[in-house]
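Undergrad: Modelling step: build the complete structure from the supplied sequences, incorporating the hints.
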Amino acid sequence: MKIGKHNLSRKADYLWEIPKTFHKNMRVPARILAKEAILDDIIGDRSLVQLVNVANLPGIQGASWVMPDVHEGYGFPIGGVAATIHPSGAISPGGIGYDINCGVRLLTSAIVLDEVKDKIEELSKEMYAQIPSGMGKGGFLMLSPKEMDEVLEQGAEWAIDQGYGELEDLSFMESNGRLADADASKVSEMAKRRGLDQLGTIGSGNHFVEVDYVEEIYEDEIAEAFNIKKGHLVILIHTGSRGLGHQIATDYIKIMMNAMEKYDIKVPDRELSCVPFDSLEGQNYYKAMCAAANYAWCNRQIITWEARKAWKNVFGDKQGTLDLMYDVAHNMAKIETHEINGIKQKVIVHRKGATRAFGPGFSELPKSYNDLGQPVIIPGSMGTSSYVLIGTSKSHELTFGSCCHGAGRRLSRTAAKKQVNAPVLKEQLKDRGIFVQAGSFKGIAEEAPLAYKDVNLVVDTVCASGIVKKVAKIKPVAVVKG
Amino acid sequence: MFEFHPHTADIRMRVEAPTLVKIYEAALLGMAEILKEGLCKDESNFDLESTIEIESKDNTCLLIDFLSEVLAHSYAEKAVYCRLEIQELQDNKLKVTLFGKHIDSLDEEIKAVTYHEALLIKNNNDQWETFIIFDI
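Chains as they are written, first to last, in my numbering: chain A, 382 to 863; chain B, 15 to 150.
If you're looking for bench data, these hints aren't it; they were derived computationally from the structure. These numbers were taken from a predicted model, which means no experiment stands behind them. The beta carbon of each residue, even a glycine, is placed where N, CA and C say it ideally should be. Check the hints yourself; a few may be wrong.
To be verified - 30 Å max Cα-Cα, derived DSSO-like pairs, lysine-lysine:
#, chain 1, residue 1, chain 2, residue 2
1, A, Lys498, A, Lys693
2, A, Lys643, B, Lys109
3, B, Lys109, A, Lys567
4, A, Lys811, A, Lys610
5, B, Lys36, A, Lys567
6, B, Lys71, A, Lys823
7, A, Lys498, A, Lys610
8, A, Lys748, A, Lys851
9, B, Lys55, A, Lys798
10, A, Lys647, B, Lys71
11, A, Lys748, A, Lys668
12, B, Lys92, A, Lys668
13, A, Lys727, A, Lys748
14, B, Lys115, A, Lys823
15, A, Lys405, B, Lys71
16, B, Lys55, A, Lys799
17, A, Lys668, B, Lys71
18, B, Lys92, A, Lys823
19, A, Lys500, A, Lys727
20, A, Lys775, A, Lys798
21, A, Lys854, A, Lys811
22, A, Lys416, A, Lys851
23, A, Lys643, B, Lys71
24, B, Lys55, A, Lys567
25, A, Lys798, B, Lys92
26, A, Lys401, A, Lys727
What the hints assert, rightly or not - Heads up, incomplete: computed chain B residues facing chain A, CB under 10 Å, no partners named:
#, residue
27, His19
28, Thr22
29, Lys55
30, Ser64
31, Asn73
32, Glu83
33, Asp121
34, Asp149
What the hints assert, rightly or not - Here are the in silico distance ranges between beta carbons for each label pair:
#, chain 1, residue 1, chain 2, residue 2, range
35, B, Asp118, A, Asp645, 45 to 51 Å
36, A, Val493, B, Ser119, 49 to 55 Å
37, B, Ala90, A, Ala510, 23 to 29 Å
38, B, Lys136, A, Ile721, 56 to 62 Å
39, B, Asn137, A, Gly385, 27 to 33 Å
40, A, Thr795, B, Asp118, 23 to 29 Å
TA: Here you go:
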């Protein structure tokens with residue numbers, strides 16, 4: 382199957398559709414949120430074929446969606462959203478991804494960049510020393526089996542109970558850092574074993590901890606409510622559920638592949654393996670996925686504790702605290718209610734490389750954000766910008782309350798390594814005031830800015846569609862990676 | 015034989031060999047090369063031995079499930095496996111002993127071995143062949 386521009390119909394400046402008639406297996410149309418300038422990059426790989434395959438999921442509602450940062454994945458495209466009817470529609474581990482509850486959090490500070498410029502390199506080194514990163518690296522905690530089960534069922538609350546943060550941190554996390562449907566008994570022993578020493582670690586790949594400064598504010602009142610101030614330093618943390626989540630996804634894709642026949646489900650790609658949400662296998666996976674999500678929130682909370690420690694070691698006690706602005710997930714399935722064809726329906730919203738972007742009046746949000754909407758954090762690549770956005774009520778009408786999650790890759794890792802001289806790039810970034818601390822030059826080359834799409838174009842598309850508004854643009858000064 | 019091909023975000027590997035046993039050997043070596051480049055070139059000093067048994071839906075899934083299991087053991091043991099001895103190999107069943115080395119760090123962290131694009135078949139040259147996509 383090949384998909385070109387001639388197969389797409391333009392619905393708006395930012396919206397394209399592949400009609401249901403394109404392929405006999407499509408149950409709904411496939412929709413692409415992208416300005417024309419980004420579309421050529423998207424058509425260049427197999428994202429759209431994968432999007433058409435997603436439109437075949439049992440019980441899918443409305444349309445299968447991709448965001449402007451989409452790129453080819455395996456089964457589902459990365460940057461995709463699919464909502465299936467609750468409770469009989471499909472749940473698919475591939476629609477959530479191997480890194481369950483990979484997500485981003487942002488911490489705000491009272492420190493102004495201009496006053497501490499000479500301390501940024503020291504801060505980058507201290508962050509690198511305090512936050513374990515890199516391939517297969519363990520953290521300072523070694524959980525007992527009992528503690529592991531507690532983490533899986535309590536999420537970020539476990540970290541707070543152990544003293545790794547403040548109680549008020551919890552209100553500033555999606556789902557308050559805990560999904561109550563988690564059941565540790567649905568998680569395999571191998572998955573638990575892989576997670577025993579990985580709390581408080583960021584891993585490798587595109588995961589990072591970054592110190593940024595606020596370059597531009599677009600919405601004064603909202604930025605004030607979020608405690609984001611021009612010129613101030615902030616911290617971005619991007620990681621997920623580590624080996625534990627990867628193992629849960631691997632375990633359940635195999636289980637579902639074997640179970641599909643029983644439910645008379647056929648999929649064009651084994652990575653789309655799925656079962657009815659209300660089946661035994663579906664429920665077991667959902668409970669295990671919630672447990673992995675809890676592990677990820679606990680992980681980001683402990684990394685926050687490590688970042689706060691590094692901050693204090695460099696700036697001392699009198700420079701204020703690092704406050705959690707918000708923590709969002711971008712690989713997750715959630716049970717939500719959305720209006721479909723004028724009727725309110727409970728659906729299972731799969732977001733794989735997509736962020737929830739609810740508008741104002743959503744009761745889960747902290748009180749101070751409730752009238753405004755949910756913060757959406759969009760990390761760019763090292764050396765470019767990242768954005769803080771806010772969800773609007775239009776996101777509910779258009780994309781099941783979802784938005785993009787980053788810049789989106791455009792170059793393969795191999796191509797990036799061929800094109801980038803990492804030691805030179807590191808020096809160039811340093812000359813621009815960006816200090817990179819990484820476990821390997823290979824990691825720097827693979828994640829170089831040229832490997833990614835233009836985050837400004839991605840953000841312009843989602844803002845033009847009306848599903849989010851820009852709140853602030855931030856730029857990196859220190860990057861810690863594996 | 016294993017070789018790497020471009021993929022936007024992940025690693026695409028092709029393996030080709032005259033027998034199924036050699037396909038397993040090539041796939042194991044290819045994955046080890048991603049995890050720790052060059053480690054398996056030195057055949058000596060294996061300090062770890064593990065035996066695993068797997069049952070899968072078909073021969074393609076068996077190969078992918080085998081690599082997933084090896085990967086899980088690699089992370090759990092903090093080791094890379096280089097060599098194997100197959101005790102039993104059927105279309106959907108495998109018993110194999112793995113030999114590897116403990117390591118301090120990895121070059122690349124593979125999140126998962128995916129079924130995407132995997133199809134173990136005999137090609138026109140009478141060789142077994144499949145692509146394997148690793149999620150990075």
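Undergrad: For every hint, state whether the structure bears it out.
TA: Hint check results:
1. A:Lys498 <-> A:Lys693: 16 Å, holds
2. A:Lys643 <-> B:Lys109: Measuring from Cα to Cα gives roughly 27 Å; hence the hint holds.
3. B:Lys109 <-> A:Lys567: Distance of about 26 Å is within 30 Å: holds.
4. A:Lys811 <-> A:Lys610: The hint holds at about 24 Å.
5. B:Lys36 <-> A:Lys567: Violated, at roughly 36 Å.
6. B:Lys71 <-> A:Lys823: 37 Å, violated
7. A:Lys498 <-> A:Lys610: Answer holds: Lys498 (chain A) to Lys610 (chain A) is near 17 Å, not above 30 Å.
8. A:Lys748 <-> A:Lys851: Status holds; Cα separation ~21 Å.
9. B:Lys55 <-> A:Lys798: Roughly 23 Å between the alpha carbons, so the hint for Lys55 (chain B) and Lys798 (chain A) holds.
10. A:Lys647 <-> B:Lys71: It holds: about 14 Å lies between the C-alpha atoms, which stays within 30 Å.
11. A:Lys748 <-> A:Lys668: Distance ~29 Å between Lys748 (chain A) and Lys668 (chain A) Cα, so the pair holds.
12. B:Lys92 <-> A:Lys668: 28 Å, holds
13. A:Lys727 <-> A:Lys748: 25 Å, holds
14. B:Lys115 <-> A:Lys823: Holds - the C-alpha atoms of Lys823 (chain A) and Lys115 (chain B) are around 23 Å apart, at most 30 Å.
15. A:Lys405 <-> B:Lys71: 27 Å, holds
16. B:Lys55 <-> A:Lys799: 24 Å, holds
17. A:Lys668 <-> B:Lys71: 25 Å, holds
18. B:Lys92 <-> A:Lys823: 21 Å, holds
19. A:Lys500 <-> A:Lys727: 51 Å, violated
20. A:Lys775 <-> A:Lys798: Violated, at roughly 40 Å.
21. A:Lys854 <-> A:Lys811: 20 Å, holds
22. A:Lys416 <-> A:Lys851: It holds: about 17 Å lies between the C-alpha atoms, which stays within 30 Å.
23. A:Lys643 <-> B:Lys71: With Cα atoms ~14 Å apart, Lys643 (chain A) and Lys71 (chain B) stay inside 30 Å; holds.
24. B:Lys55 <-> A:Lys567: Answer violated: Lys55 (chain B) to Lys567 (chain A) is near 40 Å, above 30 Å.
25. A:Lys798 <-> B:Lys92: 26 Å, holds
26. A:Lys401 <-> A:Lys727: 23 Å, holds
27. His19: 8 Å, holds
28. Thr22: 5 Å, holds
29. Lys55: 18 Å, violated
30. Ser64: 13 Å, violated
31. Asn73: This interface hint is violated because 13 Å lies over the 10 Å limit.
32. Glu83: 9 Å, holds
33. Asp121: For Asp121 (chain B), the interface hint holds, since the closest Cβ of chain A sits about 7 Å away, which is under 10 Å.
34. Asp149: 5 Å, holds
35. B:Asp118 <-> A:Asp645: 45 to 51 Å: 49 Å, holds
36. A:Val493 <-> B:Ser119: 49 to 55 Å: Check failed, 37 Å falls outside 49 to 55 Å.
37. B:Ala90 <-> A:Ala510: 23 to 29 Å: For Ala90 (chain B) and Ala510 (chain A) the Cβ distance comes to about 27 Å; the hint holds.
38. B:Lys136 <-> A:Ile721: 56 to 62 Å: 47 Å, violated
39. B:Asn137 <-> A:Gly385: 27 to 33 Å: 29 Å, holds
40. A:Thr795 <-> B:Asp118: 23 to 29 Å: Roughly 25 Å apart at Cβ, these two residues keep to the hinted range, so it holds.
Hint compliance for this structure: hints 5, 6, 19, 20, 24, 29, 30, 31, 36, 38 are not met, and every other hint is.
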